[in-house]
Amino acid sequence: MALPNGPVATSSEAEAVLFDLVDVYDRAYEAAAAEVSLSSAQACVLGRLDERRGMGALAEELGCDASNITQIVVRLEALGLVTREPNPRDRRARLVARTPRGDEVNQRFATAFTFARTAIGRLSPDEQDQLTALLRKALG
Numbered sequence: 001m002a003l004p005n006g007p008v009a010t011s012s013e014a015e016a017v018l019f020d021l022v023d024v025y026d027r028a029y030e031a032a033a034a035e036v037s038l039s040s041a042q043a044c045v046l047g048r049l050d051e052r053r054g055m056g057a058l059a060e061e062l063g064c065d066a067s068n069i070t071q072i073v074v075r076l077e078a079l080g081l082v083t084r085e086p087n088p089r090d091r092r093a094r095l096v097a098r099t100p101r102g103d104e105v106n107q108r109f110a111t112a113f114t115f116a117r118t119a120i121g122r123l124s125p126d127e128q129d130q131l132t133a134l135l136r137k138a139l140g
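Letter by letter, the sequence shown follows residues 1 to 140 in the UniProt record's numbering.
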């Protein structure tokens with residue numbers, strides 16, 4: 001899928017392919033989330049709740065405002081996928097945890113989101129090692 005002409009001009013073929021990768025990844029993530037009736041933001045938050053987490057920590061990890069996390073968590077709670085409870089160490093703060101139904105939906109999402117597994121599966125073990133090293137280097 002080619003990157004549409006837009007406000008970002010690429011300076012190399014590698015950069016253009018990286019943009020294509022991110023675009024296809026995002027579309028696949030959104031499609032997998034929709035398959036389990038979630039937005040991509042809801043799937044992202046639900047997936048980060050392997051253990052009880054503070055809402056502030058989630059916001060920091062995701063690089064967004066705490067009010068955004070609150071809105072997402074309220075929607076997930078209304079769907080019965082998470083619970084919120086007071087933090088025993090700070091009664092003003094809330095901890096968020098997946099419910100059993102949230103665990104099930106998260107597992108269905110993980111099964112539906114095959115993009116990375118499929119893409120990596122096209123590479124030989126040596127190519128996977130090379131890609132891993134190059135991506136780590138690019139990420140700094």
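Everything labelled a hint here was simulated from the structure, so no lab data went into it. Since we're looking at a predicted model, the values are computed, not measured. Just so it is clear, CB atoms sit at the ideal spot from N, CA and C, and this is done for glycine as well. Worth double-checking, as some hints may not be accurate.
Computed Cβ-Cβ distance ranges for the label pairs, DEER-style [to be verified]: (1) 87 to 62: 15 to 23 Å; (2) 71 to 121: 45 to 53 Å; (3) 35 to 140: 32 to 40 Å.
No more than 20 Å apart at the CA atoms, straight line, and that leaves these computed lysine to aspartate or glutamate pairs for DMTMM-like [said to hold, decoys possible]: (4) 137 to 15; (5) 137 to 126; (6) 137 to 50; (7) 137 to 127.
Now for the hints, and whether the structure bears them out:
{"no.": "1", "hint": "87 to 62: 15 to 23 Å", "result": "holds, 19 Å"}
{"no.": "2", "hint": "71 to 121: 45 to 53 Å", "result": "violated, 36 Å"}
{"no.": "3", "hint": "35 to 140: 32 to 40 Å", "result": "holds, 34 Å"}
{"no.": "4", "hint": "137 to 15", "result": "holds, 15 Å"}
{"no.": "5", "hint": "137 to 126", "result": "holds, 17 Å"}
{"no.": "6", "hint": "137 to 50", "result": "violated, 28 Å"}
{"no.": "7", "hint": "137 to 127", "result": "holds, 15 Å"}
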